[in-house]
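One-letter residues, chain by chain:
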Amino acid sequence: MRAAIALALVLAAAAAGAGEVRAPATFLSPDLRALQDDPSRHPGWLWVDSGEAHWRAPPAGGRPSCQGCHGDIGGMRGVATRYPQVADDGRLLNLEGRIETCRSRHQQAPAFGYESEPLLSLTAAVALQSRGLPTAVATDGPAASFVAEGRRLFETRMGQLNLSCAQCHEANVGRRLRGDVISSGIGTGFPAYRLEWNTMGSLHRRLRACSLGVRATQFSLGSPEYLALELYLAARAQGLPIEAPGLRR
Amino acid sequence: MRIVLAAVALLGLAAAAAGQEVAPFVVSGDGIAAPLGGLAGSAERGGRIVRNRETANCLICHTIPDPAEAFMGEVGPPLAGVGARLTPGQIRLRLIDPTLANPDAVMPAYHRVAGLAHVDARWRGRPVLSAQDIEDVVAYLSALKE
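Protein sequence lines, in the order shown, are assigned to chains A and B.
If you count by numbering that gives the first Met the number 0, then the first sequence holds residues 0 to 248, one letter each, in order.
If you count by numbering that gives the first Met the number 0, then the second sequence holds residues 0 to 145, one letter each, in order.
It is worth saying that the hints were derived from the structure and are not from the lab.
All C-beta atoms, glycine included, are put in the ideal place defined by N, C-alpha and C.
Some clues are possibly wrong.
Have a look at the derived ranges for each label pair, beta carbon to beta carbon [unchecked claim]:
hint, chain 1, residue 1, chain 2, residue 2, range
1, B, A32, A, G212, 27 to 35 Å
2, B, P23, A, L45, 55 to 63 Å
3, A, G61, B, A116, 45 to 53 Å
4, A, D36, B, T86, 49 to 57 Å
5, B, P76, A, R21, 22 to 30 Å
6, A, C68, B, A113, 52 to 60 Å
Just a few of them, taken from the derived set where beta-carbon distance is under 10 Å, the chain B residues facing chain A [stated by the list, open to error]:
hint, residue
7, A108
8, R111
9, H117
10, V118
11, W122
Working from the sequences, and respecting the hints, build out all of it.
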């Protein structure tokens with residue numbers, strides 16, 4: 000009897016999907032998955048087109064365009080799989096942060112600003128070059144402490160509803176919250192066009208919505224907290240394909 | 000003068016209520032036998048609270064035996080028959096703070112303000128449900144015998 004109970008508990012843990020991290024696309028309905036895979040119908044491609052135009056356009060002031068230094072945007076293949084990463088100066092940068100840094104340092108142009116249309120567009124266009132390639136972030140060396148901080152946040156109960164990310168996105172993956180299936184909480188599809196927003200948005204905007212959902216303080220877009228969390232999510236997604244620009248409910 | 004004194008007394012009561020959003024309770028075993036604040040619960044009000052998406056939102060995780068409700072969740076156990084499985088005191092404890100019975104419980108604490116991290120300023124110091132709400136939900140769930 001005791002053995003039977005123990006076995007049932009083990010099976011229950013397996014059914015809850017503890018430990019298994021699934022690609023976000025596997026949680027999409029067949030219709031949304033087809034939409035995500037079809038550039039002619041995916042509204043996010045409006046941002047991709049705009050991002051490619053930004054890539055080629057030199058900023059004011061005579062400095063080179065992105066293309067002037069990096070060449071065709073196709074040369075960015077694989078780059079998004081390695082972000083967030085720790086820069087030479089010790090800062091943790093995601094793809095948005097890398098683009099902004101490049102823009103201010105090499106183009107001597109004012110930053111676009113988090114969640115601005117040009118930054119979402121450029122990020123989407125650059126990330127697209129890695130679509131289908133496996134996530135491959137560095138988690139050792141200078142990244143290790145950021146990964147640990149991200150994990151701590153992921154596992155900390157927060158807000159008036161006292162929930163951690165892990166309690167839903169690890170322990171209850173695949174179960175239903177009302178009509179929604181709980182995903183593994185992976186950011187490989189961002190920036191993503193979210194139907195609820197009716198526009199393109201960053202992973203940090205999505206994380207702010209989660210914080211609000213558990214009635215917790217929302218960290219700022221680009222904050223150290225969400226950057227560390229983004230790296231931890233990428234570490235959990237290691238080997239899973241980049242889906243950006245994603246399509247989400 | 001008497002009216003002024005009465006007004007001051009009323010203000011004092013209001014301030015006391017604001018400073019004490021969470022009612023005191025005594026845990027015995029895995030239950031809280033006495034109703035919060037000695038309040039009587041209404042199963043009818045409790046049923047409305049359980050279905051309310053803006054406050055308790057119980058049905059995001061649980062099902063109730065009500066064919067009119069679509070898209071109920073499956074993170075928590077079904078609530079059908081909960082009144083036969085648990086005493087009112089056990090239900091009360093699990094609503095007030097399920098971590099009193101199980102430290103790893105996923106379910107939020109609906110009548111607790113202490114020991115919570117990063118609570119949004121709009122909700123800080125306020126429990127999700129009032130003492131009256133808790134008693135109403137206890138009454139509703141205790142009546143779900145099958």
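Hints, one by one, checked against the model:
Remark: the range hint 27 to 35 Å for A32(B) to G212(A) is upheld by a beta-carbon distance near 34 Å. Against the hinted window of 55 to 63 Å, the Cβ-Cβ separation of P23(B) and L45(A) comes to about 58 Å, which satisfies the hint. G61(A) and A116(B) have their C-beta atoms about 50 Å apart, which keeps the hinted 45 to 53 Å range intact. About 53 Å separates the C-beta atoms of D36(A) and T86(B), a value consistent with the hinted range of 49 to 57 Å.
Distance hint check: the CB atoms of P76(B) and R21(A) are about 24 Å apart, consistent with the given range 22 to 30 Å. Checked against the given bound of 52 to 60 Å, the beta carbons of C68(A) and A113(B), roughly 55 Å apart, stay inside it. Taking 10 Å as the C-beta contact cut-off toward chain A, the hint placing A108(B) at the interface holds, the least distance being around 6 Å. A cut of 10 Å between beta carbons decides the hint on R111(B): the least distance to chain A is about 8 Å, and the hint holds.
A distance limit of 10 Å between C-beta atoms decides the matter here; for H117(B) the minimum to chain A is near 4 Å, and the interface restraint holds. Look at V118(B): its Cβ gets to within about 5 Å of chain A, closer than 10 Å, so that hint holds up. For the restraint placing W122(B) at the interface with chain A, the shortest Cβ-Cβ distance is roughly 4 Å, inside the 10 Å limit, so the hint holds.
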